[in-house]
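Colleague: Position chain B relative to chain A; hints supplied.
There are 2 protein chains.
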Amino acid sequence: MNDATSTAEAALVARLAERLGAAHVVSALTDIEPHLIESRGLYRGRALAVVRPRDVHEVSFVLAQCSEAGLPVVPQGGNTGLVGGGVPHGGVVISLARLNAIRGLDPVNATITVEAGVTLKTIQDAADEADRLFPLSLASEGTCQIGGNLATNAGGTGVLRYGNARDLVLGLEVVLADGRIWNGLKGLRKDNTGYDLKHLFVGSEGTLGIITAAVLKLYPKPKATVTAFLGCEGPQAALQVFERLREGAGDQLTAFEYIPRFGLELVLKHADGVTRPLQGEHAAYALVELSSPRADADLASVIETVLGAAIEEGLVEDATIGASEAQNAALWKLREMLSEVQGREGGSIKHDVSVPVSRVADFIVEASTACEAAMDGIRVCAFGHFGDGNIHFNLTQPVGMEKAAFLAEWERFNRIVHDIVHAYDGSIAAEHGVGLIKRDELKLYKDPVAIEMMLAVKAALDPRDTLNPGKVVALSPEAPAALPGR
Amino acid sequence: MNDATSTAEAALVARLAERLGAAHVVSALTDIEPHLIESRGLYRGRALAVVRPRDVHEVSFVLAQCSEAGLPVVPQGGNTGLVGGGVPHGGVVISLARLNAIRGLDPVNATITVEAGVTLKTIQDAADEADRLFPLSLASEGTCQIGGNLATNAGGTGVLRYGNARDLVLGLEVVLADGRIWNGLKGLRKDNTGYDLKHLFVGSEGTLGIITAAVLKLYPKPKATVTAFLGCEGPQAALQVFERLREGAGDQLTAFEYIPRFGLELVLKHADGVTRPLQGEHAAYALVELSSPRADADLASVIETVLGAAIEEGLVEDATIGASEAQNAALWKLREMLSEVQGREGGSIKHDVSVPVSRVADFIVEASTACEAAMDGIRVCAFGHFGDGNIHFNLTQPVGMEKAAFLAEWERFNRIVHDIVHAYDGSIAAEHGVGLIKRDELKLYKDPVAIEMMLAVKAALDPRDTLNPGKVVALSPEAPAALPGR
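Read top to bottom, the protein sequences are chains A and B.
Note that UniProt numbering has the first sequence beginning at 1, numbered continuously upward.
Note that UniProt numbering has the second sequence beginning at 1, numbered continuously upward.
There's no promise every hint is true.
Label-pair restraints from in silico Cβ distances [said to hold, decoys possible]:
#: 1; chain 1: B; residue 1: Asp167; chain 2: A; residue 2: Glu247; range: 34 to 42 Å
#: 2; chain 1: B; residue 1: Glu478; chain 2: A; residue 2: Ala130; range: 48 to 56 Å
#: 3; chain 1: B; residue 1: Asp128; chain 2: A; residue 2: Ala374; range: 40 to 48 Å
#: 4; chain 1: A; residue 1: Asp376; chain 2: B; residue 2: Lys223; range: 46 to 54 Å
#: 5; chain 1: B; residue 1: Thr305; chain 2: A; residue 2: Ala309; range: 54 to 62 Å
#: 6; chain 1: B; residue 1: Ala373; chain 2: A; residue 2: Ile102; range: 33 to 41 Å
#: 7; chain 1: B; residue 1: Leu444; chain 2: A; residue 2: Arg19; range: 53 to 61 Å
#: 8; chain 1: B; residue 1: Arg40; chain 2: A; residue 2: Ala329; range: 52 to 60 Å
#: 9; chain 1: A; residue 1: Glu366; chain 2: B; residue 2: Asp128; range: 49 to 57 Å
#: 10; chain 1: B; residue 1: Lys223; chain 2: A; residue 2: Ser476; range: 49 to 57 Å
#: 11; chain 1: A; residue 1: Ala459; chain 2: B; residue 2: Ser6; range: 52 to 60 Å
Residues of chain B placed beyond 10 Å of chain A at every Cβ, according to the derived structure [said to hold, decoys possible]:
#: 12; residue: Arg189
#: 13; residue: Glu340
#: 14; residue: Pro398
#: 15; residue: Ala450
If you're looking for bench data, these hints aren't it; they were derived computationally from the structure.
Each residue gets a CB set at the ideal place from its N, CA and C atoms; glycine is no exception.
Okay, chain A solo, but in the shape it has when bound (with noise of 0.2 Å):
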């Protein structure tokens, strides 16, 4: 514990260690070090502690302490986010790791009932070995938790056919500020007895109440599979393709993933097994991923006719479809790597955004045009979930630039970014969350009668202000600063 510590914090801190016990209340800096560090890397807070609860009445019993002392409280699951949302600044880190437990499966229901620090791997795993699907699919699904996806509203490859994550939640278990534990576990599919709750806690990113345990939807397995890689000559012709897709496979078209020539060319360049999937190089390609529980359904000639017509008509120039599973993983591949080769190629400047799905390609073209003319040299990775129409609109620093004087331009292409995704009636927050990140420049964008009810919501569930304060919404004067928008 540091000198600024103050006597009463200290005390508190002793009691929270007589509860839960000293092994789950640490100070050390060496223990808590990776609790005060945001994925990236790119920011690093500080806390009195750590505290690690076992169950939903220590969370309360941790909540009551801090909220009565005044004292924050952070919340962090797996500690993957991208907004800075579990960057703390003083106060208490409560880690969910702990509340662990799969509560129950029920097949015929189709729902699974999870304690928030189960990761999102083993949530799948089980509905795999119960013949069903947990769809929620992320990059960082091994180490991320599923309170944290649900706190974040986490998007991910699965979001064109089931949804964002709010979508798979039938019920929660939620600690408010005060202590006081909100049992919401019901697993219906129809319940109107009054204000859906659950939905104002998910994506509140642990501002208005702790997620401690959720009910989740599952689906029917795919029992057949379909993966295509296409070329084509830019997004104009990717959306028509989309189209035709949505049209041909309905709800069997399960993935539509977006790759612009520079990032397929800078993946073939970084990663390690990967082959060229297409002979010669078109402007934009797409991995399409068709899917159904019906193990006869013959996805391969639905894929087939639609890209057919589409090559005879000019739309598609190439494609190519998964012969086998591994060849399936090997495109899937493709996409998944796009992220990180780019840090490769140097610095990056990032955008997590949204646009009708109509708009997708008009804006890319628009935005690309607008940053390139505000740049000489500089490379736009325009990629990701196309048919959902958000897009990770992400610049890659010209060749020979330095590095840190291409990420000092952040803020510039933040405005010129996002005031055309605001032109285009999108969103500067598609899939990340709000965080300390963007907290601010939410401000420029968001209609301010939604953000005055925000606060007003805030106020009436954290009066003291004390749940992860400053993110999302800054309820008091001595909210934390908002952390540079990247």
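Modeller: Quick look at chain B alone, frame taken from chain A:
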């Protein structure tokens, strides 16, 4: 305007008439009569005036004026609700009927933007013309309005595949109690810019704000449909058949509606132009629909495979598959007539409940047994959205009993049925909402912290309690008394 109207209230009504035009602020009893009664005629309210704003700005003006004056405002769409949520107790009724424009339809984004007063049927038709589907489907679709559908989070027969009304909303425009306008009319599939406010208003029954417009999701239009009607030995067998169909048909299973023998016999007895769908009688029937956006989807073979196996194993006793549109419509009519024919058989005590799907068969058996034990000759008509776990657990009076004497037992049967629902982790208000009818009963079954949060949210957004006061929750001691639980 009645004699008790105060000078201040008269002045307010005059101000509203000045802004909206005298033709759209009516007070004569003959004019306002249709707005005072509940759709089943069970309750009768009173109001100073009915006002009919033409746009969101006029709605804002009305709400600001009423908030200032502390006068209640009750919003009404088609006034087809079943829980007394639209019954006024003084103050002003605000009809959304003149906000009836379809503002736009984007086929590629698969969205339609509509004002609150557009009828559900008009939206379905507009989607259909654009070769899309708006899947919300209710008995009252010709007269109910989308604002009311969203305010009550309507359910219906499309929920199994497409979700409740809330799942079909991407964005909202809402006027708050004090007249502030929230423009949240985004058509985005991913948007994590803060708390999800739209889900607060959907299902809040007009107590937190008045929805004036919405961006709704559209789906590919089904191009192939197969409808079947099957008989089996009881709800347990029906549940197993449901599971088989979900496994075999996946997303193509778009309806699974349950009808008990007594229900079918009532339809055959009282409805015109219906014929017995299967030879012989069966304890339980199900109406099943499979559909697909692919015209070449071989749905008949899917359902024949599943039902063939189920007949072989004795799970299904008999089944018929519609061979034409006309035959499909005839099978659906058997289900659609169910509500109406109960009224022709005498008094009916109704419960709109849900339980986990895995427990729906057990629930029907246990609740039926309990009701039959509680009154000699009572006839259980438990039917409905079996695949959602949502049962309309209705009770028809014994033959020869006085209707009024039977209905006097409503509260006693509420307790019997709802106690069992609660024991099954279910909901006592599955799709019709809370309104004034279930408000006080909610306290018996809902988590107390949930009710505290609902009150906190209500107080935060409508501190003067002028928006549909006393519905869902009672914020002020002066709130209207709850209506008898029916």
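Colleague: Hint by hint, which ones does this structure get wrong, listed from lowest number up?
Modeller: Numbers 1, 5, 7, 9, 11, 12, 15, in rising order.
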